[in-house]
Amino acid sequence: MKIIQVKNLVKTFGTIEAVRDISFEIEEGTIFALLGPNGAGKSTTIKMITTLLKPTSGDVIINGFDIKKQSDDVRRSIGIVFQDSSLDEELTAHENMDFHGILYKVPKKIRRERTEQLLKMMELWDRKDSLVKTFSGGMKRRLEIARGFLHHPKVIFLDEPTIGLDPQTRNYIWDYVKKLNTEENITVVFTTHYMDEAEKMSDIVAIIDHGKIIKYETPQTLMDEAHAKSLEEAFLYFTGRDIREESATSDIDRMRNIRKSHGRK
Amino acid sequence: MSTIYILWLRQLKRSFRSKSRIIGSLGQPLLFLLAFGYGFGPVFQKAGEGNYIQFLTPGIIAMSVLFSAVFSGIEIIWDKQFGFLKETLAAPVSRVNIMIGRTLGGATISIFQGLIVLAISFMVGFRLESAVAAWNVFLFISLIAILFTALGTAIASILQDFQGFQMIMNFMVMPLFFLSGAIFSFQGLPSALEFIARINPLSYGVDGLRGSLTGVYQFGFIPDLTVLSLLTFILILIGGYLFSKIEA
Ligand SMILES: Nc1ncnc2c1ncn2[C@@H]1O[C@H](COP(=O)(O)OP(=O)(O)OP(=O)(O)O)[C@@H](O)[C@H]1O
Ligand SMILES: [Mg+2]
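Respectively, the protein sequence lines represent chains A and B.
FYI, the numbering for the first sequence is 0 to 264, going by numbering that gives the first Met the number 0.
FYI, the numbering for the second sequence is 0 to 247, going by numbering that gives the first Met the number 0.
FYI, nobody ran anything at the bench for these hints, they're computed from the structure.
You may find that some hints are simply not true.
[Unchecked claim] Straight line, CA to CA, 20 Å or less: simulated SDA-like cross-link-like pairs of lysine to any residue:
{"hint": "1", "chain 1": "A", "residue 1": "K108", "chain 2": "B", "residue 2": "K244"}
{"hint": "2", "chain 1": "A", "residue 1": "K107", "chain 2": "B", "residue 2": "I3"}
{"hint": "3", "chain 1": "A", "residue 1": "K104", "chain 2": "A", "residue 2": "D71"}
Just so it is clear, the structure is predicted and the values come from calculations on it, not from any experiment.
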């Protein structure tokens, strides 16, 4: 079953074309990596798919539900860990977990058990009653991940989940993701700039650049095509070596975008 | 239900944790009571209008509830800026319930504040005229609190940052307060101003409070109750709609 179907998705912010007509499908149970340089349009794509941002045009079907007409059913089918913080810093770690569990209607018993298990895994159990504003950056990130795993949806979206985390924690997180995927057949969509994570974890990789999907393959195929020994090499091969502007607002970028879009028509 | 409850609880926890804000926000009503009460009291009395503290107290309670309610509503801008709003919006919960939960949370804090101001007013010489009034006082404090928290929330849902906040204070909240009969009766005002006072929802709140505290209504209990409840209902629906339009 195709759990995600994206058709001709477009998002423009004023003159910035953040996502330019992308289409792809994901089979249920896949671990899918969305890779691309800064400003490529990864987060924007995820926000549209998860109903937080209205597409300029295009369609998305998740778990059989249309994001425009059945947004509540879509929301019931998914979980998201955002790229930037979405914690309530005036609440404690435990209260943040509770809030999430209640909003997502996780039964009380499961909520208690998982909260304890996840906070222990993220080494936050000792600090569960501290206000989040007293946490370090990494601790906040770990709490955010723990909260994201509290309910088990059909599809989970992880936007740069491991950013700023130590290798130990990153391993725990990926082990947990793998477990969710194999034991409960949860589909995983993630973005990352650590290519080794994508190489190790993903079944399928999409490379997005300047708002367009330029590759959609297994990691192995990508490496073979690029004659590369690692996914990182392959990534650089396909996306080039120039550093991206944080946004596509600079003139050079815009000209390049215009040239590209004309070239394709 | 559980959505409304948890959103309500969150607002309470956040507010009661910042005690300095609660105490700080009592300064203004106290100052108004003392300055206006003792300042204008003699003039009021000479004009044959009776005891000014009796007249002023319902107005000052309404004021403190109004300010606190609009401010609680506006707090949602913090949630936008700190990113927490995304967590609520991504969840599978109806937007109207989000609106109701937040509104009730903010309103509860404002009700609490209104009651404290009432308690303070006893210390500066205010006297209740009948015992039955107590329930009606609570009713009108609650209605003012819910109505204006809903208004603040609805407005804040379309603002991106605090830049518009000053404008809302100066062009909405202050006029609402001054032209509501809170500190002076609007009978005898120029007719344009009196017209504004009559379409000002806070006028009905002040009247309801003053009526239940002192027994003298201008519009009447039923009109006050109807106007306030109807507007609250409409604002919650509008707020729910505006919530469904927020993008993160
Ligand atoms: N709210 C917004 N308003 C205007 N432009 C935006 C907005 N959000 C994103 N953009 C622009 O859209 C483009 C894509 O941004 P997006 O956040 O999707 O990139 P990304 O691939 O997630 O990058 P990163 O790896 O840095 O997270 C960028 O040019 C960005 O400036
Ligand atoms: Mg991003």
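Hint check:
1. K108/A x K244/B: 34 Å, violated
2. K107/A x I3/B: With a Cα-Cα distance of about 17 Å, the restraint between K107/A and I3/B holds, given a limit of 20 Å.
3. K104/A x D71/A: At roughly 14 Å apart (the allowed maximum being 20 Å), D71/A and K104/A satisfy the hint.
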